[in-house]
Amino acid sequence: MQNAFVLHVRPYTDSRLLIDFFTEHDGLIRAVGRTPGKRDRAKYQPFQPLELEFSGSGELKTLRSCELTNHIAFSLLGHSLFCGLYINELLLRVLQADEPFPPLFSFYSGAVQALKANPSHQQTESVLRSLELFLLEQLGFGVDFDSSETGQPINEERFYFYRAGHGFCECGQDSGEAIPGHHLSAIDRRDFSDEAILRSAKIITRAALSPLIGEKPLKSRDLFR
Amino acid sequence: MLSPLIDHLIRSLRILPGVGPKSAQRMALYLLERNREGALALAQAITNAAEHVKHCVSCRTLTEQNQCSICANPRRDASLLCVVESPADIFALEQSASFNGKYFVLHGRLSPIDGIGPAELGMDKLLERLNGVTEVIVATNPTMEGEATAHYIAEKAKQRGIKVTRIAHGVPIGGELEYIDGGTLAHALASRREL
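In order, the protein sequence lines correspond to chains A and B.
For the first sequence, counting from 1, position 22 maps to 22 in this note's numbering; every step adds exactly one.
For the second sequence, counting from 1, position 70 maps to 295 in this note's numbering; every step adds exactly one.
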């Protein structure tokens with residue numbers, strides 16, 4: 001048995017579902033499960049903590065058992081739900097199947113709880129940015145907030161722009177996506193107390209994630225428009 | 226070995242949901258051996274429906290007319306609009322005989338991972354349809370994607386100053402509390418009413 005969350009469900013045959021799980025010990029897995037009966041319909045909804053067991057070593061696993069660890073009504077609602085759907089789409093897009101990421105699993109679980117606890121704009125945006133930065137670190141694409149691409153320490157008084165795969169490069173205050181140096185040290189401390197810092201963090205994570213996401217944009221971004 | 230015509234019929238029947246090779250064979254043999262007349266009537270009905278049924282111009286449900294009978298009915302309240310996921314939901318709500326407004330069919334729900342966003346669902350058509358409506362009742366299914374769809378519609382309708390309501394989720398008639406899942410009970414409690 002291990003902890004897991006459903007990321008996505010789609011019908012497979014008349015009586016079977018194809019379910020993408022994010023599991024604690026095996027990372028992303030895709031499994032075939034029986035379509036639940038009337039009483040268990042809530043089981044395969046995303047954002048609910050589950051315990052599951054599966055068999056098979058190929059790409060497609062067979063679900064042996066799957067239980068909700070605690071019954072909670074829709075864990076996410078409204079704007080938080082949009083954020084949750086975004087996170088799920090992001091994970092499905094960038095993670096390789098069957099590669100374990102236990103620290104990311106606990107981070108994800110914490111993020112879902114945080115989205116549920118406080119659906120304010122400030123909170124949901126900080127949760128998304130922290131998760132994106134953690135995800136980048138876990139995948140080996142962590143952003144270096146201490147030094148610029150030439151190896152110089154970041155100066156809090158200067159301005160920088162970010163290039164995925166390269167790092168921060170000093171630039172003038174007026175250039176398009178110039179980010180103040182003191183924002184970089186705040187983001188490094190995950191201090192998102194200011195809307196302006198959140199905006200800078202979004203510019204950085206978007207740029208850093210874009211090579212991993214690929215050409216097809218994430219559909220869930222349309223929900224926020 | 227089956228002759229090509231029978232084989233073709235069996236394969237054609239298998240496109241139906243829940244019909245496997247055995248059931249398809251049983252259906253084909255029944256139609257050919259026991260009920261030729263019924264078979265011809267069925268073939269005719271399928272041809273007619275498949276050729277002529279299209280989407281209603283105002284609510285997008287299935288109909289062979291330009292406008293479905295509900296949309297064309299002047300006695301139905303045009304200021305109430307109920308948004309549903311599929312035409313089957315309209316049939317269900319109509320059977321309850323408790324709604325006298327009009328409908329709008331989304332033909333799906335927001336599901337970004339499947340590539341279905343607001344544009345794919347035709348949300349712009351729904352927003353056009355909101356002219357003259359005073360209350361939108363969102364009757365999407367109580368799934369995570371149904372809730373996301375409801376929230377999206379609610380946000381857009383509120384921007385236009387239209388009242389938005391969501392159908393209640395709760396305990397079915399004749400049900401017993403001890404057998405109802407925790408999620409439904411929590412919903413039922415949260416939306417309790419004073420007696």
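It cannot be assumed that every hint is accurate.
Stated by the list, open to error - Straight-line Cα separation of at most 20 Å, SDA-like style, residue types lysine to any residue; simulated pairs:
no.	chain 1	residue 1	chain 2	residue 2
1	A	38	B	314
2	A	38	B	388
3	B	383	A	119
4	A	43	B	396
5	B	381	A	119
6	B	381	A	121
7	A	38	A	63
8	B	381	A	77
9	B	381	A	78
10	A	43	A	77
11	B	350	B	332
12	B	350	A	222
13	B	381	B	411
14	B	388	A	202
15	A	43	B	406
16	B	388	B	416
17	A	38	B	259
18	B	383	A	222
19	A	202	A	63
20	A	216	B	346
21	B	350	B	387
22	A	216	B	338
23	A	38	B	411
24	A	116	B	367
25	A	116	B	410
26	A	43	B	388
What the hints assert, rightly or not - Residues from chain A that keep clear of chain B, each with C-beta distances beyond 10 Å, as calculated:
no.	residue
27	7
28	40
29	95
30	162
Stated by the list, open to error - To list a few chain B residues with every Cβ distance to chain A over 10 Å, as calculated:
no.	residue
31	236
32	237
33	243
34	259
35	263
36	275
37	277
38	321
39	340
40	343
Hints in this document: simulated from the structure, not taken from any laboratory.
Here a beta-carbon is modelled for each residue, glycine too, at the ideal position from N, C-alpha and C.
Here is what the structure says about each hint:
1. 38/A / 314/B: At roughly 18 Å apart (the allowed maximum being 20 Å), residue 314/B and residue 38/A satisfy the hint.
2. 38/A / 388/B: Violated: residue 38/A and residue 388/B sit about 32 Å apart, past 20 Å.
3. 383/B / 119/A: Distance of about 19 Å is within 20 Å: holds.
4. 43/A / 396/B: Holds, at roughly 18 Å.
5. 381/B / 119/A: Judged against 20 Å, a Cα distance of about 19 Å means the pair holds.
6. 381/B / 121/A: Roughly 18 Å between the alpha carbons, so the hint for residue 381/B and residue 121/A holds.
7. 38/A / 63/A: 19 Å, holds
8. 381/B / 77/A: 16 Å, holds
9. 381/B / 78/A: 13 Å, holds
10. 43/A / 77/A: Distance of about 17 Å is within 20 Å: holds.
11. 350/B / 332/B: 12 Å, holds
12. 350/B / 222/A: 16 Å, holds
13. 381/B / 411/B: 27 Å, violated
14. 388/B / 202/A: Violated, at roughly 34 Å.
15. 43/A / 406/B: OK: residue 43/A and residue 406/B at ~10 Å, within 20 Å.
16. 388/B / 416/B: 18 Å, holds
17. 38/A / 259/B: 37 Å, violated
18. 383/B / 222/A: Since the Cα atoms of residue 383/B and residue 222/A sit roughly 18 Å apart, the hinted pair holds (cutoff 20 Å).
19. 202/A / 63/A: The hint is violated at about 37 Å.
20. 216/A / 346/B: 19 Å, holds
21. 350/B / 387/B: Distance of about 16 Å is within 20 Å: holds.
22. 216/A / 338/B: Between residue 216/A and residue 338/B the Cα gap is close to 12 Å, so the pair holds against 20 Å.
23. 38/A / 411/B: 17 Å, holds
24. 116/A / 367/B: 18 Å, holds
25. 116/A / 410/B: 19 Å, holds
26. 43/A / 388/B: This hinted pair is violated, its Cα atoms lying about 32 Å apart.
27. 7: 8 Å, violated
28. 40: 7 Å, violated
29. 95: Nearest chain B Cβ is 13 Å from residue 95/A, so the label holds.
30. 162: It holds; residue 162/A is separated from chain B by about 26 Å at its closest Cβ, greater than 10 Å.
31. 236: 17 Å, holds
32. 237: At roughly 18 Å from the nearest Cβ of chain A, residue 237/B sits farther out than 10 Å, so the non-interface label holds.
33. 243: Answer for residue 243/B: violated, closest chain A Cβ roughly 5 Å.
34. 259: 26 Å, holds
35. 263: Correct as stated: the minimum Cβ-Cβ distance to chain A is 25 Å, above 10 Å.
36. 275: 22 Å, holds
37. 277: The claim stands: residue 277/B keeps its Cβ more than 10 Å from every Cβ of chain A (closest is about 28 Å).
38. 321: 19 Å, holds
39. 340: Label violated. Min Cβ-Cβ 6 Å, cutoff 10 Å.
40. 343: 6 Å, violated
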